[in-house]
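Participant: Here is how the chains run, residue by residue.
2 protein chains.
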Amino acid sequence: MNILHYPSSILEDAVNEFAKLPGVGRKTALRLVLHLLRQDKEDVENFGNVLIRLKNEILYCKMCHNISDSEVCLICGDETRDSQTICVVENIKDVMSVENTQQYKGLYHVLGGIISPMDGIGPGDLEIESLISRVKSEPVKEIILALSPTMEGDTTNYYIYRKLSECNVVISTLARGVSIGNELEYADEITLGRSILNRTPFAQ
Amino acid sequence: MNILHYPSSILEDAVNEFAKLPGVGRKTALRLVLHLLRQDKEDVENFGNVLIRLKNEILYCKMCHNISDSEVCLICGDETRDSQTICVVENIKDVMSVENTQQYKGLYHVLGGIISPMDGIGPGDLEIESLISRVKSEPVKEIILALSPTMEGDTTNYYIYRKLSECNVVISTLARGVSIGNELEYADEITLGRSILNRTPFAQ
Chain A
1 MNILHYPSSI LEDAVNEFAK LPGVGRKTAL RLVLHLLRQD KEDVENFGNV
51 LIRLKNEILY CKMCHNISDS EVCLICGDET RDSQTICVVE NIKDVMSVEN
101 TQQYKGLYHV LGGIISPMDG IGPGDLEIES LISRVKSEPV KEIILALSPT
151 MEGDTTNYYI YRKLSECNVV ISTLARGVSI GNELEYADEI TLGRSILNRT
201 PFAQ
Chain H
1 MNILHYPSSI LEDAVNEFAK LPGVGRKTAL RLVLHLLRQD KEDVENFGNV
51 LIRLKNEILY CKMCHNISDS EVCLICGDET RDSQTICVVE NIKDVMSVEN
101 TQQYKGLYHV LGGIISPMDG IGPGDLEIES LISRVKSEPV KEIILALSPT
151 MEGDTTNYYI YRKLSECNVV ISTLARGVSI GNELEYADEI TLGRSILNRT
201 PFAQ
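Residue numbers (full-length UniProt numbering), protein chains in the order written: chain A, 1 to 204; chain H, 1 to 204.
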């Protein structure tokens, strides 16, 4: 058992705060705090101020519920984007991942999670109703369900699909198949099986 | 190449601050910031305030240079401790490690690093002169050199040993040998060789 006696209460406070972060233990937290102690006072104060501003200044786009600096985010406000297509994602990291591909020019809808009974997250905890009303009130032609290919993701996909069945909208999901650049022998059999069933015409 | 577009400048600022920490990449930093966004506003503000206080409130003990809440740290100020023995360590983490063993009741001296020409750290950057003057001005009988058993640690040990050669003080270092509880086959040959050379009388 480790009985760590901290020589200073402010040091201990700082270690406690870092140790609350996911994946950060007390030893790592101490290492991070000692690192900060070696930095300039201004830099550390700046870090502290950013954290204080974080929760106060952050906004969520009233259209897509993505994190934003303004009421309507840059993507929803961009008139050059295709407003007839909405890509449904779990969280803001997935928006960034899809944006990163530079292959998508439509809008997004951030659910804020996926249906996961194990974690006590039901459809009511997610931005599903607001998605339905967006589809009903806006000239949306296609919904792309871009959730993780897990059981929870599939459940959420199916729930949204059922909810949207009365709307006149095309519903698609991400293509599933072998990863580009991976050796075939490392692909799992379910993925490989599906990618044979859903084989596509050969094109250069 | 990853071109990550952050949807909010305050989010980006926070990610930048976390990504400056050692061992924290931009993806981890984003994960930590999104975690904080899910926490209560008060908790996140508290984290920020602790960081701002950190550099302002922390003091270094004027005797041993350990981190402290006051001018003289709790260990140096504790009159029940043996003030004739000083354990020389690299940093505050090592003080905590030795304290944790509950085997040592003397005082400490924190060097603030070890001599490492590769990192541009010379004897002048460390609290070596203040150690010498402590030994000369206080009734010190023994100096325990408890630095890491690396080349840099050995160099620093030797430098301090030379500096203290004129003082009437016993200089000792940590015992080196096989770790307790480890299988012998995993001990490296240098450690094993030394532990045979420096074998100790068998005692229960």
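It is possible that some hints are incorrect.
Copies of one chain are not kept apart here, so a pair can be met inside one copy or by any two copies together.
Unchecked claim - Calculated cross-link-like contacts (lysine-lysine; reagent style DSSO-like; alpha-carbon spacing at most 27 Å):
| id | residue 1 | residue 2 |
| --- | --- | --- |
| 1 | Lys163 | Lys27 |
| 2 | Lys41 | Lys55 |
| 3 | Lys141 | Lys55 |
| 4 | Lys105 | Lys93 |
| 5 | Lys105 | Lys62 |
| 6 | Lys20 | Lys136 |
| 7 | Lys163 | Lys55 |
| 8 | Lys20 | Lys41 |
| 9 | Lys27 | Lys136 |
By construction, these hints were calculated from the structure, which means they are not laboratory data.
Participant: Hint by hint, which ones does this structure get wrong, listed from lowest number up?
Facilitator: 1, 3, 6, 7, 9
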